[in-house]
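Undergrad: Protein sequences, first through last, are from chains X and E. The numbers in our numbering rise by one with no breaks, and the one at position 227 of the first sequence is 227. All you need for our numbering is the position in the second sequence, starting with 1, plus 319.
Please note: incorrect hints may appear among the correct ones.
[As the list claims (entries may be wrong)] Simulated crosslink set (EDC-like; lysine to aspartate or glutamate; CA at most 16 Å straight-line): (1) X:Lys163 <-> E:Glu626; (2) X:Lys260 <-> X:Asp235; (3) E:Lys427 <-> X:Asp246; (4) X:Lys270 <-> X:Asp288; (5) E:Lys427 <-> X:Glu105.
Read the hints as simulated data drawn from the structure, not as lab findings.
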Amino acid sequence: MINVKDILALYRKMVLVRAFEEKASMLYAQGHVLGFCHLYIGQEAVATGIFHNLSSNDSSITSYRDHAHMLILGVHPNVVMAELCGKVTGSSKGKGGSMHMYSKEHNFYGGNGIVGAQVALGTGLAFAHKYKNDGGISFTFFGDGAANQGQVYESFNMASLWKLPIVYVLENNGYAMGTSTKRAASGKGLATRGDSFEIPTILVDGMNLFDVLEKSKEAISYVRCGNGPIIMHVDTYRYRGHSMSDPATYRTREEVNAVKENRDPILKVKNILINEYSILLDDIVKVDNEIGDIIEQAAKFAIESKFPEESELEMDVTI
Amino acid sequence: MNDITVRTALRDAMAEEMRANPNVFLLGEEVASYNGAYKISQGLLEEFGATRVIDTPITEHGFTGIGVGAAMAGLRPIIEFMTFNFAMQAIDHIVNSAAKTLYMSGGKINCPIVFRGANGIPGSVAAQHSHCFASWYAHCPGLKVVAPYSALEAKGLLKLAIRDDNPVVFLEHEMLYGKRFEIQTSPTELVALDKAVILRSGTDITITSFSISVQYALDAADVLYDKYGISAEVINLITLRPIDKETIIESVKKTGRILNVEEGWMSCGIGSEITALVIENAFDYLDCEPMRLSSAEVPVPYSKSLECLAQANSEKVVILSRSMLQK
């Protein structure tokens, strides 16, 4: 059973992600962050819940929507924000930007800009766990858009054939850029896509932290027992557009507002903390304020950091 | 000194490196039970077992991505493409995933992987199975690109490629697999992943080439000397990225003429790169314009009569070289 201390810590992580993303959005508007910038707002419970059950040998990989994964794994917000701003103090010395963040220390392999590529790469991470027999699992995140890429099924096929230790996390937020899953996915829905490979699928409410925690524990225990891959089909929602340049006109304001009001993952945990664990609103506000300060400092750090020098240009092409 | 085929040299290179490092493994279609579509992995399954010599389904995009992911996690995969034509399905992982991640991660995540297999025109298999991809890969920062000719190069360079901490594209040639060469006992000391070799010294013209085209250049050099008194210097480029500028430029300064021979198409080919390098670095030494001998700019035809017309060969090297010397 999860205790109140853990719930508070997870609440703090989700608030950290949201506050970070909101600040990133502001820095984007001010011209400090350039190019592509894909926000995780609305989906916070997914990575937060899954990473709670991570072991130190495990590895993970995701798409270009990767800031949250870095923060939840424990990379300092200063470093993530500095990377967004293209500064030498960033996680990739400013060479990767929003979409290409990595943490070797946490076995986090990015940060991949080619939709679906991370699924084959993540399957390779699982292959390495099995080859080294290190007991680790690969957590491979991908969206509903990636779920229509051919290499996803090539990967499913080999992962199932070779019984690779991998949890595929299909974050279905309903829209691949502006194309709804209804217009993009044939058949009985993405949750059935593992069926022909005999990969079991667990249905998860990605807006409910407690459901993510429980189901990911179940998935992990299945994979750690040597059963091979499993898919978590996570029903979630992104509040913002696909990226900063997307006004999201393909869905109604009512649809977005209904999710914010009824399914918000942070609000849900907040209410449970207050109503079921008798945590005082003041204590929650204290957490929110602390995070606010951390984010302000991250933004200050990023803005004040230096851009990479010319000497960096041709470094890191080959070893 | 030993006399072995390129096929055996490649097999021995993999076996020796697999014995030396348990993280080295071979992944690809038909590499295990079938002993390789071209029998390059003969006996490896028997020696190393199915955990290190792994048959995949026909699924290049997927298994290449798996190899790259495993390399990022610290293993040293050798990915065999039955031919590089099929690597087109996987080029996204070779370029976007393997070649760029070191840079995108600010030097944190490297990818020690070898992509190897048959490349070029093996003869009579038509357009989709007859294609040299050297210039495609040589274009990309983050990759090393190697195309050996002899058994010694094949063995030494493959061993170095497996030990290298970067992704290496290793272009073999089906028509060379069965060719015998003398080979020294320590080939890794005689080759490097950034050095061309001068196979024959000469004073009148430099002929650069790689892979099977080296044979055309060497054969032509014999004819040029014996019949026409032309002294050709033959350079085997070996590595196409990084390309050994110094050896090429020094040779041209001596001969004043350069001809590149390759199986790829002329447009944006390796010959185009060499021409540009020579013009930029040795313009004043040139006695005539640099020339390129490549395949005709058509999808390679099946019919033997047309295929011969489309391909480079030693006769064409002789004709072009003579025209450059007006002899």
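Undergrad: Does each hint hold? Answer for all of them.
TA: Each hint, compared with the structure:
no. : hint                  : in the structure
1   : X:Lys163 <-> E:Glu626 : violated (46 Å)
2   : X:Lys260 <-> X:Asp235 : holds (14 Å)
3   : E:Lys427 <-> X:Asp246 : violated (31 Å)
4   : X:Lys270 <-> X:Asp288 : holds (11 Å)
5   : E:Lys427 <-> X:Glu105 : holds (10 Å)
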